[in-house]
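Q: Here's the letter readout for the chains.
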Amino acid sequence: MRAFTKLSGPILVLEQENIDTDQIIPARFLTATDFHGIGEHLFADWRLDADGEPIPAHRLNQPSARHSPILVGGHNFGCGSSREHAPHALLGFGFRVVISSQIADIFRSNSQNVGLLPVVLEADQHASLLQMDGEEITVDLEACEVTVRASDGVEQIWPFTIDPFARHCLLRGLDRIDFLDQAEDAIAAYEEKR
Amino acid sequence: MQPETLFDKLWNSHLVQAQTDATPAIIYIDLHLVHEVTSPQGFDMLREKGIAVRSPGRTLATLDHSTPTLPAGDDGQRPYITAQAQRQVQTLRDNCHEFGIELHDWDSPSRGIVHVMGPELGATQPGMTIVCGDSHTSTHGAFGALAFGIGTTEVGHVLAKQCLLQNKPKSMRVNVEGKLAKDVTAKDLALNIINYLGMNGGTGFVIEYAGEAIRDLDMESRMTLCNLTIEAGARAGMIAPDATTIEYLRGRAKVPQGDAFDQAAEKWLQLASDPDAVFDSEITLDGTSMRPTITYGTDPGMSVAIGEPVPLATNATQEKALQYMGFEGGQSMSERQVDVVFVGSCTNGRISDLRAAANVLRGRRVADHVRMLVVPGSENIRKQAEREGLHETILAAGAEWRLPGCSMCIAMNGDLVPPGKTAVSTSNRNFEGRQGKGSRTLLASPETAAASAVMGRVAGIADLEPVQEVT
Numbered sequence: 001m002r003a004f005t006k007l008s009g010p011i012l013v014l015e016q017e018n019i020d021t022d023q024i025i026p027a028r029f030l031t032a033t034d035f036h037g038i039g040e041h042l043f044a045d046w047r048l049d050a051d052g053e054p055i056p057a058h059r060l061n062q063p064s065a066r067h068s069p070i071l072v073g074g075h076n077f078g079c080g081s082s083r084e085h086a087p088h089a090l091l092g093f094g095f096r097v098v099i100s101s102q103i104a105d106i107f108r109s110n111s112q113n114v115g116l117l118p119v120v121l122e123a124d125q126h127a128s129l130l131q132m133d134g135e136e137i138t139v140d141l142e143a144c145e146v147t148v149r150a151s152d153g154v155e156q157i158w159p160f161t162i163d164p165f166a167r168h169c170l171l172r173g174l175d176r177i178d179f180l181d182q183a184e185d186a187i188a189a190y191e192e193k194r
Numbered sequence: 001m002q003p004e005t006l007f008d009k010l011w012n013s014h015l016v017q018a019q020t021d022a023t024p025a026i027i028y029i030d031l032h033l034v035h036e037v038t039s040p041q042g043f044d045m046l047r048e049k050g051i052a053v054r055s056p057g058r059t060l061a062t063l064d065h066s067t068p069t070l071p072a073g074d075d076g077q078r079p080y081i082t083a084q085a086q087r088q089v090q091t092l093r094d095n096c097h098e099f100g101i102e103l104h105d106w107d108s109p110s111r112g113i114v115h116v117m118g119p120e121l122g123a124t125q126p127g128m129t130i131v132c133g134d135s136h137t138s139t140h141g142a143f144g145a146l147a148f149g150i151g152t153t154e155v156g157h158v159l160a161k162q163c164l165l166q167n168k169p170k171s172m173r174v175n176v177e178g179k180l181a182k183d184v185t186a187k188d189l190a191l192n193i194i195n196y197l198g199m200n201g202g203t204g205f206v207i208e209y210a211g212e213a214i215r216d217l218d219m220e221s222r223m224t225l226c227n228l229t230i231e232a233g234a235r236a237g238m239i240a241p242d243a244t245t246i247e248y249l250r251g252r253a254k255v256p257q258g259d260a261f262d263q264a265a266e267k268w269l270q271l272a273s274d275p276d277a278v279f280d281s282e283i284t285l286d287g288t289s290m291r292p293t294i295t296y297g298t299d300p301g302m303s304v305a306i307g308e309p310v311p312l313a314t315n316a317t318q319e320k321a322l323q324y325m326g327f328e329g330g331q332s333m334s335e336r337q338v339d340v341v342f343v344g345s346c347t348n349g350r351i352s353d354l355r356a357a358a359n360v361l362r363g364r365r366v367a368d369h370v371r372m373l374v375v376p377g378s379e380n381i382r383k384q385a386e387r388e389g390l391h392e393t394i395l396a397a398g399a400e401w402r403l404p405g406c407s408m409c410i411a412m413n414g415d416l417v418p419p420g421k422t423a424v425s426t427s428n429r430n431f432e433g434r435q436g437k438g439s440r441t442l443l444a445s446p447e448t449a450a451a452s453a454v455m456g457r458v459a460g461i462a463d464l465e466p467v468q469e470v471t
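Here the protein sequences come in this chain order: L and R. Here our numbering is used: the first residue of the first sequence is 1, the next is one more, and so on. Here our numbering is used: the first residue of the second sequence is 1, the next is one more, and so on.
Just so you know, nobody snuck in bad clues.
Listed next, the in silico DSS-like pairs over lysine-lysine satisfying Cα-Cα at most 27 Å (straight line):
id, chain 1, residue 1, chain 2, residue 2
1, R, LYS254, R, LYS267
2, R, LYS437, R, LYS320
3, R, LYS170, R, LYS267
4, R, LYS383, R, LYS254
5, R, LYS421, R, LYS437
6, R, LYS9, R, LYS254
7, R, LYS9, R, LYS168
8, R, LYS267, L, LYS193
9, L, LYS193, R, LYS9
10, L, LYS193, R, LYS168
11, R, LYS267, R, LYS168
12, R, LYS254, L, LYS193
In short, the hints are calculated from the structure, not lab data.
When you get a sec, could you build the whole thing from the sequences and use the hints?
A: The structure is reproduced here in structure tokens:
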């Protein structure tokens, strides 16, 4: 897994609430047996027309979209299916961070497992970000802080909380299975006991 | 001793290593269900690391998502939607062979949708931890198991270690008091609960369902309810094992037999939450006031009682949903023409669901402009339905009778709703494009789906004319 420490870049805002994993990656793209190239199908039904051509006006098809490492989505981002293809598609498209005011459980843990940083902010902070499409912010996982420059030019620092183990693994690029490997004795003892 | 919830008991008995401030708990997994879509990369990880599946005996695989529901042609070839879909199925076959996993392939008499097959075989048992790379794994909680969906990386973890890293979720009890009206099904009950909680009201929680209306449900209804728990954002839903649970399981292929079963049953009955157990959240709903329900929007929480008009939008999300669905706030739902009806899925593809649909169709015809697909949840259900002659009723009404699979619920096998068309579906998600790009899905019970097929518009069974007796 690729490590994540700190990143600055313009945000891309998709303000719709309840963006589900069927939107992020429609089911017809799930028949592949690897995640290679899946980013090209990200939000396919929003972004591409019936012939599979990009709809120029869509926010995700603007040239700047590929240079926005941070996606800010509406409340309850990532609800629905457990498909890990969703965070892989976001990573494949170029995102490293997803920010919302609520992120669905399975999507969040999938993201943490594949190196996409999920950040949950307070509702008012999130509401501010939704109005800042294209502006540059900094996400610092070491400090657990999001830094934004408000319209009056004043810098604001918003702390966020994240599961400490997910943070530990993301900062170092560790696969979580290594932790299970280290627990081999405990697993064997449990199996023995049953 | 501290009183414990059903969830606490399951969690504590499966703790391999306790949670700390810095690390998640390690919990042991009793049953790992596998299908073709979310497993290939998990098996690849094993090969990369050069390791085996730790407990093949705790792993059970089936083909369901990418599989065609039409039979093989004269050339013996099954009509896969793409070569890639066929390769995905072959990949699972190869992986199960390589790693020694029981796979219910085309030739298995028990092949079915993963959440239908597990309980049918008795692989799903009370007190177990059950995972699958599929969010509707919550279904198995109907048996008093802790069951939830995981991602593909975690599929790899469980294949390799039979364990999962988890922080303990919070607990919520949803009590449904009183008796449900006769025409209110588990699907209606679930849609009412999701409507109350909202599609994210359960996020971070494991839900236990309790109360008179829940205890009265048979096992297939309990599975429908627990299946839909994820649609309120909760990864797992569960119901304490009782006599209904025990009798459903008795004699099934993978449960203990004879005295061993009775001994197991005795333990299972002790899993119920202690009387004084405390939940992080608790709500109580009145089951007696619930009515047959249908969704109108693009999340399963957006629903109304049949006969009620489409609600007025009160925010941008609802406005967008109505626009996508082609509804105006205040419009009568029953004006809406229905183009497609789907009865099936891990939510409502069991024998009682097919019987309910067939009962409505008996002596009636599906409206000319409606395409209706009935897809049994498993081979066992298909055969049972055919023994009962349900397929004849279904075919005589003008509906299609298919082979088991996920089919039009996830629409990745070629069974789909065309753009702009309206489907009444017994499945679990009405998200934009869920049943095919541009599809418009109304979620409802098998009874409502069949009634809508007959009427050619949104309708409940109360809207049907009585069938003329043939003398």
